[in-house]
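When you get a sec, could you build the whole thing from the sequences and use the hints?
Below, each chain spelled out in residue letters.
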Amino acid sequence: MRFERREHRPVALVIATPLIAVAAALAIAGILIAIAGAPVFEAYWNILKGAYGSRLSATETLTRATPLILTGLAAAVAFRARLWNIGGEGQLYLGAITVAWASSHFIGTWPSALQIPALLIMGAVAGMILLLVPLWLRLRFSVDEVVTTLLLNFVAVLVVSMLIDTVLKDPTAFGWPQSQSVADAAMLPKLLARSRLNLGLVIAVVLALVLAFVQSRTVFGIQSRAAGLNPQGAVFAGVPLGRTLVVVACLSGGLAGLAGAVEVMGVKGYVTTDLSPGYGYSGIVVAMLANLNPLGVVVAGLFTATMFVGADGMSRAMGIPSYIADVIVALSLLTMLIAVFFTQYRIRR
Amino acid sequence: MSTPVLQIENVSKRFGQTLANDNISLSLHKGEIVALLGENGAGKTTLMSILFGHYVPDSGRVMVDGQELPAGRPRAAIRAGIGMVHQHFALAPNLTVLENVTTGTESLWSPRSRRREARAKLLAISERFGLKVDPDARLGDLSVGEQQRVEILKALYNEARILVLDEPTAVLTQIEAERLFATLKDMAAQGLSLIFISHKLDEVMSTADRIVVLRGGRHVAERPASETSKPELAELMVGRAVTRPVREPSEPGDVVLEAAAVTVRIGGVDRLKAVDFRLRAGEVLGIIGVSGNGQAALAQLLSGTAAMAGGDLLLFGQPVGALSVEDVVTAGIGRIPEDRNKDGAIGEMAIWENAILERLSNFSRHGLVDREAGMAFAQTIIDTFDVRGGSPASRIRLLSGGNMQKLILGRNLIDRPRVLIAAQPARGLDEGAVAAVHERILDARRQGTAVLLISEDLDEVMALADRIQAIVGGRLSPPIPAQEASTRKLGLMMAGEWEGETAHAV
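The listed protein sequences derive, respectively, from chains E and Y. Be aware that the first sequence starts at 1078, since it is given in this note's numbering, and climbs by one per residue. Be aware that the second sequence starts at 542, since it is given in this note's numbering, and climbs by one per residue.
Be a bit skeptical, because a hint or two may be false.
To be verified - Chain E regions said to be covered by chain Y (calculated; three or more residues, Cβ under 8 Å): (1) 1293 to 1299; (2) 1322 to 1333.
Stated by the list, open to error - One-sided excerpt, in silico: chain E residues whose CB lies under 10 Å from chain Y: (3) A1303; (4) L1306; (5) N1307; (6) G1310; (7) V1417.
Since the hints were derived computationally from the structure, they do not count as laboratory data. Cβ atoms here follow ideal geometry from the backbone N, Cα and C, with glycine treated the same way.
As C-alpha cells, this is what we get:
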C-alpha cells in the first residue's frame, strides 16, 4: 500500500472532511460509552440536550465558545505563517490580568464607551508583547519558538498567580487568591438578559470574518502565506520576512490576549488562576480542527464548546464521567488529522 | 548473448488519466550499461519504481536471473540484488557514512552492532570500485558528489549486482559527473549491470552500451550507443526534430549595468571578490563556471537578496547602493533564479499568486489584492509563453519543471525588462523545454534586453552569449568575445587560467 499525492482536491471532499472526521470520532467514543455501560445514542442525545436543551445551556455553550474561537484564531493565524505559537494560554492570562489591573487601578471611572475599547486594546497589546519576545529571539538568535512560547505559559501563569496573591489581591475575597474586580463600567454588555452570553461572542465572530478577509484578499495575507509555505521563495519574491512575522505575531498574541480580556470583562469580572481551563491549548486543537481556516475556527470552537458543556449535562443525567468530552475532542483532532491527510493523498495498492 | 540478469516484461502502469508506462519491455545483461533516455514525464522514474517494488504494475512482470520478482516488495528487490541510487538521496545527514551504509542491514534485535566487520566490508568495496570516502565522516559535512558515492556504496554493501541510478548527474558538477561515469564504467567492467536514467544526450552517448528511449510512457526505440547519434536520439526523445536556437549577430546598445570591483560577503566569506563587468542593452553576457564559485552571490546581489560589501554598481548609469528586491523589480530587472522550486515558486500557492507575488504593488490598492487582475495577468503569461498543465487558479506545484520555468520566464519577460538576470535557466529541463527557454532569452535580447546569463553549460553559453567571462573562486575573468570561444579555451578559463593572471579554482 502506498500513498500518492492528490493532484486536485475536490471541493466536496474538503467540506465533507471535518464531518466525516467528527462522525468517526463519535463512533469511536461510542465504544467507550458502551463499555461504561450506557446506551450510546441516548448518551449523545443527552450531550445535545445538555448543550442546547434549555435557554441556560444554549447561552452557556455560546459563552464557552467565545474564548475558544479567539484562541483558535490566535493559533490559526500563527500556524498559517509557520509561527508555532504554543503560548496562547500565557498570552490569555496576561491579557486578563492587564485588564483587571488597568480597570481596578487606573481607568475604572471612565464611561463604558471609552473604557471597554481601551481595555480590550490593552489586553490584546499585553498578549502581543508576550509573543513578540519569543519572536525576537527566533529572528535574532534562531531560538525555537515552540519551546519559548510553551515555557512562557508557565511563567505568565505563575506571575499572574503571584500578582493576585499580592499587589492585585482582592481584600474582600476572604483570603482567596483573586484579583480585584474590574469596574462595572468595564463589563461587556449582555446579549441576552439573565445569561452570561455577552458581546464577546460578537467580537470573536467579527474578528473571524475580518481575518478570513485579510488572509484571502490582502497583500499581507498572501505574503504571510508565502512566508509560511516557503520562506526562501518568499524572500526571493521580496516578501519582508521579519516584518511579516512581526505582524503575524501581533495578530496571534493580540487575539489570545483579547480572549483573556473578554473572559474577564464578559464573564468573570476578576482573575483567578482557574480563569481558563486550558483555553490557550484548546485553541490549538480548535485551529487544527478547522484546518487553520478562520471561519472554520468559529464552527470548531462551537463544536468543542458543545462537547464540553453537553458532556457535563450528560454526565449528570447518565453517570458517565464528563471526561468523555475530552476524549471526543481529542479523538476528533486525531480523526481530523487523518482525514486531512486523505484529502491530500490517495491510497494506491 | 547469455540470459539477461534483468528482464522487464510488458509492464503497464496507469495513474488516473495518464498511462505512465504502456507495455514496456527491457532487458539488461551482465556487465552492461543501459541508459533510459526520455523527457521529464516520459515514464522513466515510474518504470524504475516498479522495478524496485515501490509501485505495483497494473500488468507485466519483472524477472531477475529468470526468477519473477514479487510485485511491490522493495525488500525482495534488494534481496534479489537490485540497488537503487535515488535522485534525492535517502540518507540521514546526522549519521556517519558507516552508519548510513549499515542502517537497515542489521537485525533490530541484535544486541550489538558488527561495526568492525561492517567497516572492513565497506572499505573493501570502496577500494574495489575506487569510491573513496571516509567512513567516519558525518554525512551532512560531505559534498553532494560524495553523498552520492555513499548512496552507491550503500547499494553495493547490500550486495547489489544490478544498480539503478535515477538522474545521477542532476545534482553534480561537470567534473563530478565525469568522475562518476568513469566509476560506472569500471563497475560494469567488474561484472555489475547498470541502468541509469537521464535526459542528457552527451552523457548517454559517452557512457551507455545501449540506449532505450521512452516517450509518453512508451518504449519508442532501442539503439546500441555505437550506432546512433545525438541528433537521432534527440528526435526520438522529443518526437520531432529539435534544434536549439543560436544567437544571430547584432549591435549591442548602451551599457545598462556596470560593476567595478564589486565584493559580496555572505556568512563572513567573500563570495565575490572585486569583480568587474559591463552589460549592454541587447547583448547576452555569459558567466561560465563550475558551480560553487560565486555564481550564487552574483545572482543574489543582482536579484536584491544579497548586499554589496565593496565596490561600485552602476545601473543605467546611476550608482546604486543596497538593492532590495522591490528596487530591482521596479527598476525593470527580470530575475530567473537558479533553483526554481526553492526560490522561484511557492509550490502550494496558485499560479496567479506566484505570477504576481514579486510585484504585488502593481496588483493591489490600499493593501487589497486585485484578484481579477492577477488571474488575467497569469492567463496572459500562460497564453503568451505556452505554459501547459495548469490554469491560473491551480497550484504551481502541478506544473512540470519546463512549464514552471516558462511561467517564471513569462512573469519576468512579459513587461519587457531592461535587464534579465538568468541563473542556470535551462538546468534540469528536457530538450524541448531547453529550446523554448533559449528562444525566449534570444527573443528578449532581440528586443533590447540586456541579459546576464549565469551557467555551467558550455553549449548553452556558446549558443547564446555575445561575450563570455569565467567565474572562478569568486573572481571574474576579463570578457572574451564569443567568436574567440572554444570548448578548450573556456575549459582553461573555468580552471582559472586567463591571460595575465592565474586564479585558482576552488
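Checking each numbered hint in turn, tell me which of them this model violates, lowest number first.
2, 7
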